[in-house]
Amino acid sequence: MIIIKDLHKSFGDKEILKGIDLHVKKSEVVVVIGPSGSGKSTMLRCVNYLEVPTSGTITLDGKTITRQVDINTIRAEVGMVFQHFNLFPHMTVLQNITLAPIKVRRLAQPEAERVAMELLKRVGLESKAEARPSELSGGQQQRVAIARALAMHPKIMLFDEPTSALDPEMVNEVLDVMKNLAESGMTMMVVTHEMGFARQVADRVLFMDEGRIIEQGSPDEVFNHPKEDRTREFLSKIL
Amino acid sequence: MSFDFSLITDHLPLLLVGALVTIEITALAVAIGTMIGLFVGVAELSRYKWLRYPAKVYVDFIRGTPLLVQIFIIYFALPIILGTRIEPFAAAVAACSINSGAYVAEIFRAGIQSIDKGQMEAGRSLGMSWTQTMVHIVIPQAFRRTIPQLGNEFIAMLKDSSLVSVIGFEELTRKGQLIIASTYGSLEIWSAVAVIYLIMTLSITRFVAYLEKRFH
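So the protein sequences, as listed, match chains G and V.
This note's numbering applies: residue 50 is where the first sequence begins, and numbers increase by one.
This note's numbering applies: residue 3 is where the second sequence begins, and numbers increase by one.
With the rest of the complex left out, here is chain G:
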């Protein structure tokens, strides 16, 4: 589903990604962990070209991203959830969710609203359809952001530290939505510091440091039997 080949990314003369190779299968949930500055978020943002790779190729669902390919049609298939939600503050919750389906997928408004209400139900927020994002808690906002991404019927969902900006008591409501999504067979890449989530939901855990994938394997392998010193050192600090 996602094939990353020899991905490099530099900002100025600082190399953030130093050659990433990764193959994510359909319905696989890959959780990416690692210290801050290790390039986790940058890798995720390269997958939908929010950051343009310095070199290397990315293939999504058989389509390799090149200059000739319309990036917008590819992005429409890849949902992204951000650390700071990035909801549109001047629109209601419902409008947030229906905007892209109407503008990109050319859905009629009643149809888009019907889909949006179903998704809001799924994330437990159907009563908030007419609310503004500013009237919602952080956890509620992030659940709306997930619904907004799902409204495009993406084949892949990317989560960039989706619970890092949340108060602790709101983390679980978001993780629960993500768990349900994983169980429904969605292909997911999740950058997170929630090790409990990684243990429970991940098919595979990647440990990244200094722009490289240092170690990867099942949650049991990475958390209980890490092979690399750097992985052990990182886990000893956070667990």
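By construction, these hints were calculated from the structure, which means they are not laboratory data.
This structure is a prediction, so every number in the text was calculated from the model and none was measured.
Wrong hints could be hidden among the right ones.
The following label-pair restraints were derived from C-beta to C-beta distances [unchecked claim]:
#1 155(G) to 212(V): 32 to 40 angstroms
#2 285(G) to 150(V): 15 to 23 angstroms
#3 48(V) to 72(G): 53 to 61 angstroms
#4 78(V) to 122(G): 52 to 60 angstroms
All residues carry an ideal CB built from backbone N, CA and C; glycine is no exception.
Starting from the structure of chain G, add chain V where the hints point.
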């Protein structure tokens, strides 16, 4: 010194006609200027040089030269190139619109840049194009945020429109000059003109404050 109020009351209808013309020209200039400004402000942020550079040149030229000179260029110099006369009204509206456009462009540019980068990223990540994201997400937020500055620009334009009196266009200031030429009532008429401008600018201030409240 004597202050002859009858001079004001006698000529008030004429002054009010001038005030209406001032409002008309200001409203037109701000409306057209806002459209120019929106386009140029976005162009300044474009990734294409052929859009960015002309926008920058236009803004720098207009902001770096006096409006009075711009009025002279349009009314006296441009006809030499075009080979036809330009009506004072058309010249006045053109000069004020083009002038206002540059200032509004800077207001919009700053407003758009003040919107969190995450908004553009969220729009793009949903598959919307740069233009779609600008139109539906970034610009509506930037517009709300820039209402106070746009109000200031409206007020500045209303006052600066007095400069078109130099090409004989009969707005409020010119009407005052003409009345004084026949009555010698400098003190009374200029006072009245000033008060009328003040009433207009204060009204706009109130209106902008109301808009600001409504949008927040």
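Hint-by-hint comparison with the structure:
| no. | hint | in the structure |
| --- | --- | --- |
| 1 | 155(G) to 212(V): 32 to 40 angstroms | holds (38 angstroms) |
| 2 | 285(G) to 150(V): 15 to 23 angstroms | violated (53 angstroms) |
| 3 | 48(V) to 72(G): 53 to 61 angstroms | violated (37 angstroms) |
| 4 | 78(V) to 122(G): 52 to 60 angstroms | holds (54 angstroms) |
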